[in-house]
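Asks: This is what each chain is made of:
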Amino acid sequence: MSRIGVFVCHCGENISGTVDCEKVARITGELKGVEFSTDYKYMCSDPGQTLLKEAIKEHKLDGVVVAACSPRMHEPTFRKATAEAGLNPFLCEMANIREHCSWVHPKDDLTTEKAQDLVRVMVEKVKKNKALNSIKVPVTKTALVVGGGIAGIQAALDIANCGHKVVMVERQPSIGGHMSQLSETFPTLDCSQCILTPRMVEVAQHPNITLYTYAEVESVDGFIGNFKVKIRKKSKSIDEDLCTGCGLCTTKCPQKKIPNEFERGLGLRPAIYVPFPQAVPNKPVIDRENCTYYIKGKCKVCEIVCPTKAIRFDQEDEIVEIEAGAIVMATGFDVLKTNYFPEYGYGKYKDVIDGLAFERLASASGPTQGEIRRPSDGQIPKKIVFVACAGSRDPAKGIEYCSKICCMYTAKHAMLYKHKVHDGIPYVFYMDIRAGGKNYEEFVRRTIVEDETKYIRGRVSTIYEKNGTLIVKGADTLMGGIPIEIEADMVVLATAGVANHGAEELAQTVHISYDPYKFFAEAHPKLKPVETNTAGIFLAGACQAPKDIPESVAAASGAAVKVAALFSNDQLTRDPLVAVVNRSAPPVYSQCVGCFLCQSVCPYQAIEREEIKNRNGEVIKTLARVNEGLCQGCGTCVALCRTKAIDIHGYSNQQVYTEIMALLND
Amino acid sequence: MIKVGFYPGCSMKGGAREYQESVTALAKVFDIELVEVPDWNCCGATAAHNLNKELSLSLPARIMALAEKEGITDIVVPCAACYNRLSVTQHELAEDPSLTVKVASIIELKYEGTTNILNIIQFIDKYITDRLAEKVVKPFDYKTACYYGCLLVRPHSILKFDRVEDPQSMDVLVRKAGANAIDWAFKTECCGAGMSVSRTDTVARLSGNILKDAVDREAEVVVVACPMCHSNLDMRRPEINKFLEKKIDVPVLYISQVLGLAVGIDAKTLGLNRHMTAVNLPEKPAKDTAVADVPQKVVNTQKTEV
Amino acid sequence: MQEFEPKIVAFVCNWCTYAGADLTGTSRTKYAANVKIIRFPCTGRIDFMILMKAFENGADGIIVSGCHPNDCHYSTGNFHARRRWIVFRNLLNFTGIDVERIQFSWVSAAEGFKWADVVNNTVKKVREIGPYENYKNIAVSTLFNEEGISDE
Chain A
1 MSRIGVFVCH CGENISGTVD CEKVARITGE LKGVEFSTDY KYMCSDPGQT LLKEAIKEHK
61 LDGVVVAACS PRMHEPTFRK ATAEAGLNPF LCEMANIREH CSWVHPKDDL TTEKAQDLVR
121 VMVEKVKKNK ALNSIKVPVT KTALVVGGGI AGIQAALDIA NCGHKVVMVE RQPSIGGHMS
181 QLSETFPTLD CSQCILTPRM VEVAQHPNIT LYTYAEVESV DGFIGNFKVK IRKKSKSIDE
241 DLCTGCGLCT TKCPQKKIPN EFERGLGLRP AIYVPFPQAV PNKPVIDREN CTYYIKGKCK
301 VCEIVCPTKA IRFDQEDEIV EIEAGAIVMA TGFDVLKTNY FPEYGYGKYK DVIDGLAFER
361 LASASGPTQG EIRRPSDGQI PKKIVFVACA GSRDPAKGIE YCSKICCMYT AKHAMLYKHK
421 VHDGIPYVFY MDIRAGGKNY EEFVRRTIVE DETKYIRGRV STIYEKNGTL IVKGADTLMG
481 GIPIEIEADM VVLATAGVAN HGAEELAQTV HISYDPYKFF AEAHPKLKPV ETNTAGIFLA
541 GACQAPKDIP ESVAAASGAA VKVAALFSND QLTRDPLVAV VNRSAPPVYS QCVGCFLCQS
601 VCPYQAIERE EIKNRNGEVI KTLARVNEGL CQGCGTCVAL CRTKAIDIHG YSNQQVYTEI
661 MALLND
Chain B
1 MIKVGFYPGC SMKGGAREYQ ESVTALAKVF DIELVEVPDW NCCGATAAHN LNKELSLSLP
61 ARIMALAEKE GITDIVVPCA ACYNRLSVTQ HELAEDPSLT VKVASIIELK YEGTTNILNI
121 IQFIDKYITD RLAEKVVKPF DYKTACYYGC LLVRPHSILK FDRVEDPQSM DVLVRKAGAN
181 AIDWAFKTEC CGAGMSVSRT DTVARLSGNI LKDAVDREAE VVVVACPMCH SNLDMRRPEI
241 NKFLEKKIDV PVLYISQVLG LAVGIDAKTL GLNRHMTAVN LPEKPAKDTA VADVPQKVVN
301 TQKTEV
Chain C
1 MQEFEPKIVA FVCNWCTYAG ADLTGTSRTK YAANVKIIRF PCTGRIDFMI LMKAFENGAD
61 GIIVSGCHPN DCHYSTGNFH ARRRWIVFRN LLNFTGIDVE RIQFSWVSAA EGFKWADVVN
121 NTVKKVREIG PYENYKNIAV STLFNEEGIS DE
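One line per chain: the protein sequences are A, B and C, in this order.
Residue numbers for the first sequence follow the working numbering, so the first one is 1 and each next one is one higher.
Residue numbers for the second sequence follow the working numbering, so the first one is 1 and each next one is one higher.
Residue numbers for the third sequence follow the working numbering, so the first one is 1 and each next one is one higher.
Simulated from the structure, these hints should not be mistaken for laboratory data.
Just to be clear, a hint being listed does not mean it is correct.
To be verified - List time: in silico DSSO-like cross-link candidates among lysine-lysine, alpha-carbon distance up to 27 Å:
1. Lys212/B / Lys350/A
2. Lys473/A / Lys212/B
3. Lys160/B / Lys348/A
4. Lys41/A / Lys60/A
To be verified - Heads up, incomplete: computed chain A residues facing chain C, CB under 8 Å, no partners named:
5. His100
6. Trp103
7. Val121
Ideal Cβ positions, reconstructed from N, Cα and C, are used throughout, including at glycine.
Generate the whole structure from the sequences, applying the supplied hints.
Replies: What follows is the structure, encoded as structure tokens:
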């Protein structure tokens with residue numbers, strides 16, 4: 001027999017103004033199973049809560065209904081008070097007779113009756129409530145950071161400086177990402193590598209960080225606090241312990257003409273190579289697809305010249321297994337290549353390049369030692385055209401969004417060009433100028449005024465080559481749309497920032513959602529920009545959406561603090577209102593028939609397969625099991641289960657039916 | 001004898017007579033009989049769709065309905081404008097069944113929308129190209145600028161033919177006939193179209209720029225697949241010369257004439273004498289008739305690669 | 001004659017419609033008192049049995065309301081609810097229950113006014129259809145005995 005306490009709050013005049021609280025308390029006090037009922041002015045106040053706690057102890061209540069405001073407001077308050085009185089907090093429910101009753105109806109009998117109905121519903125529900133304990137999940141205090149660009153580096157350093165272990169995985173031979181390819185960064189014109197490389201070295205030397213480069217995440221299993229990750233270390237064909245980074249092999253390799261990815265195809269590299277001089281780790285890898293030994297079985301010059309005998313041609317990929325409590329995705333972005341644009345020549349014009357390629361030209365350590373030269377003939381361009389929004393903001397071709405950073409880096413490129421080619425003329429074809437960051441607008445103004453860059457508002461309809469120059473045809477919309485034709489020596493397209501290649505597969509491996517453009521999806525666009533819908537996995541940087549460096553760094557630090565918060569306890573506490581698959585004695589074991597429809601609809605991969613074995617170790621049945629660490633309590637599986645084997649605490653079938661029946665029968 | 005439906009359209013009976021003559025002659029060499037859609041009407045061209053939507057759909061629908069009635073499945077439409085109008089009409093009616101019902105009542109004929117509409121290049125590729133190499137007797141060894149104009153490849157989402165910027169289908173075809181198809185920048189630039197009469201100066205400028213680029217790149221012939229293109233580039237040559245302030249001699253040939261010459265049909269049958277700009281193609285020294293098939297990378301409809 | 005006052009149960013999701021109804025309250029927007037809300041974590045939790053249970057116990061009308069597509073707090077729950085609803089409509093017709101007795105809506109946490117509209121429109125519609133009587137012919141649920149609700 002239940003012993004339920006009903007507490008009807010006046011909420012000052014908010015409820016009692018239209019609802020006869022005393023009557024509600026009296027009528028509901030007569031319900032079967034209600035041991036004690038009262039009304040009070042302000043239940044959420046200190047005296048109100050004391051009243052609640054004392055009533056629980058005095059009347060030995062085993063259930064509490066507080067008829068007051070919305071549970072979205074004070075459910076935690078009253079549950080805490082209930083717990084303090086020694087009663088399980090999940091035996092306390094609230095009936096919303098303010099937002100859903102007193103505030104929306106006039107003062108009359110009908111309103112009071114409705115309040116009575118709502119209280120009755122919760123009284124009957126509480127009778128079916130079970131005492132529940134918060135779920136505790138252990139936490140492994142190691143973070144996995146996927147991606148070694150500026151965002152990954154920042155996140156790794158922040159987490160490591162909190163005293164936690166970090167494993168960083170980067171698929172290129174060196175960390176640094178796109179930031180290492182830039183010459184100077186806006187708006188300060190800081191030398192990009194100068195500000196980046198100290199951080200890269202810090203990562204390599206940090207005692208808490210383990211760095212795997214030329215490696216990729218192979219599989220991720222487990223759940224928040226308990227991820228099990230397999231990392232594939234691709235074979236570098238080098239024994240890293242013996243290699244001293246002297247670089248002799250790279251100078252002797254006979255295969256010298258491989259297009260260098262780091263230089264965006266503008267420079268060449270050998271088959272055994274270090275991507276750039278400041279690489280971390282500064283040890284080479286062998287590109288097996290282009291190495292003579294792997295193609296033809298001959299050469300081995302590097303092995304011959306290596307002073308420490310560090311070359312290992314037969315080295316194989318290695319799988320490393322680690323345990324992590326949290327994962328930070330920081331895999332960055334890429335830019336569209338020029339062959340994306342049919343009207344700009346399908347990528348066949350050598351002097352039409354993308355923004356990253358221009359960065360390499362402008363870089364002092366780049367293929368032209370910092371001189372702006374045409375890729376076709378090495379001449380210095382006297383007229384250069386920058387095309388902004390090349391691919392972005394274009395619903396017709398599928399990249400609808402704005403790539404955010406291009407207006408700024410185009411202005412920067414024009415500025416750098418003018419600093420190097422004093423008699424050159426830069427043109428910029430733009431649609432709008434988006435310069436919203438700190439000192440950004442001033443920077444663009446400098447480019448236009450001090451560096452005399454000619455900004456033309458209009459799009460470029462076509463670029464074609466004639467007699468070694470590029471004819472750029474566009475329009476000037478501020479002059480009424482008149483056609484403009486420029487004979488340019490070089491064209492730089494500010495191509496759209498897109499998700500890095502392999503992003504979709506990686507998101508599926510890691511079990512996070514992604515949007516139609518393959519950028520990783522944040523849990524809430526406004527309030528949770530660095531979290532994903534998968535508990536324990538966070539986002540940092542441009543893998544979530546195009547971002548500039550300060551935003552990537554901020555996001556990375558944001559993700560790091562989420563990880564640190566997660567690691568601040570040895571155990572995770574979670575709300576127990578989760579789903580559970582019933583279990584019973586053999587031979588039935590469960591109503592579950594193992595159809596796993598629940599598994600296919602769970603957005604959180606919270607349903608696992610549990611094998612029921614007999615004494616001989618043979619599997620008799622495979623049943624569904626809910627991982628309470630992952631379940632968020634939506635109840636979709638419960639509605640779908642054909643045999644009603646799975647139910648959800650707090651909103652169980654019994655509870656819901658009871659509520660309905662109580663509501664409609666008085 | 002293979003029979004293929006044929007919709008000439010107005011221009012091929014008038015100012016572009018040589019286009020029909022050359023198409024018919026070429027088809028004959030390959031044992032193809034072109035069967036005109038009986039009682040065909042004007043497709044409406046640009047006039048109809050500028051003025052009255054229902055008219056612009058009914059006119060082409062009637063042609064296709066008549067073809068269906070005759071049991072004709074494939075019709076070749078050599079005029080690019082007619083091809084464009086018929087294709088767009090077929091697409092719009094397929095998207096809107098209620099409109100189809102309306103149009104069917106206007107034309108008082110049953111319309112299924114099952115006709116296969118082929119432009120001249122699609123027709124050649126379907127029925128002739130496989131057998132072309134063996135019939136080439138006089139390789140068309142000239143530097144050729146293939147001009148596609150506007151209507152063959154646009155709107156891409158409806159026509160789904162070739163690439164929109166820098167199409168290649170005609171280039172590939174003329175190479176099979178031995179031509180040296182050049183890469184040039186004005187393949188799909190507008191010639192001025194119907195402004196030939198109302199704004200001849202505009203046509204002179206637009207068509208002039210097209211020919212100038214072709215000539216700058218040393219083209220010896222310009223090849224077209226559309227009577228309008230031909231008319232502006234050929235008939236308006238005096239105005240073009242005036243605009244460019246120099247005399248341009250480069251002849252403009254129809255694709256069917258180029259292939260016709262390659263397979264040995266004489267110039268008169270192909271109607272070359274009807275052109276306004278004299279067609280004086282210098283004799284090339286005889287070469288091995290086997291035509292090397294130059295492997296081409298890009299032929300298919302435009303795919304954007306990221 | 002006393003006008004028929006329909007009894008309407010609303011099954012709403014905690015994150016959107018429940019919050020939206022809270023907002024209606026905070027804005028003091030008035031609506032008909034016939035509708036009483038039962039809270040769910042997500043519309044994905046709601047299945048046919050729950051709706052039939054309501055009719056079985058004499059509900060004249062039902063409102064099911066959740067987050068807008070793509071906004072579900074649990075990302076996909078409302079899509080499942082929508083699909084179920086589409087299938088369920090056919091079943092309802094078959095059982096002879098007027099499909100118009102159930103209103104399916106998306107009300108976000110910011111749409112206080114919309115919730116009031118949904119309630120008022122549903123009450124009006126169900127009033128026109130009339131009371132649902134057929135439940136009396138359905139076998140009485142085992143949990144509901146003569147004395148009232150079982151107190152297990």
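Asks: Return the status of the interface hint for Trp103/A: holds when the least beta-carbon distance to chain C is below 8 Å, violated otherwise.
Replies: Since the shortest Cβ distance to chain C is 4 Å, the answer is holds.
Asks: Would you check the hint for Lys473/A and Lys212/B, treating anything up to 27 Å between C-alpha atoms as holding?
Replies: holds (17 Å)
Asks: Regarding the pair Lys160/B and Lys348/A, is the alpha-carbon distance no greater than 27 Å?
Replies: Distance of about 23 Å is within 27 Å: holds.
Asks: Under 8 Å is the threshold here; is the Cβ of Val121/A close enough to any Cβ of chain C for the hint to stand?
Replies: It holds, given that the least Cβ distance between Val121/A and chain C is near 7 Å, below 8 Å.
Asks: Should the interface hint for His100/A be scored as holding, given a Cβ-Cβ cut-off of 8 Å against chain C?
Replies: holds (6 Å)
Asks: Hey, Lys212/B versus Lys350/A, does the alpha-carbon distance stay inside 27 Å?
Replies: holds (24 Å)
Asks: When you check the alpha-carbon spacing of Lys41/A and Lys60/A, does it fall within 27 Å?
Replies: holds (23 Å)
Checked against the numbered hints above, the structure violates none of them.
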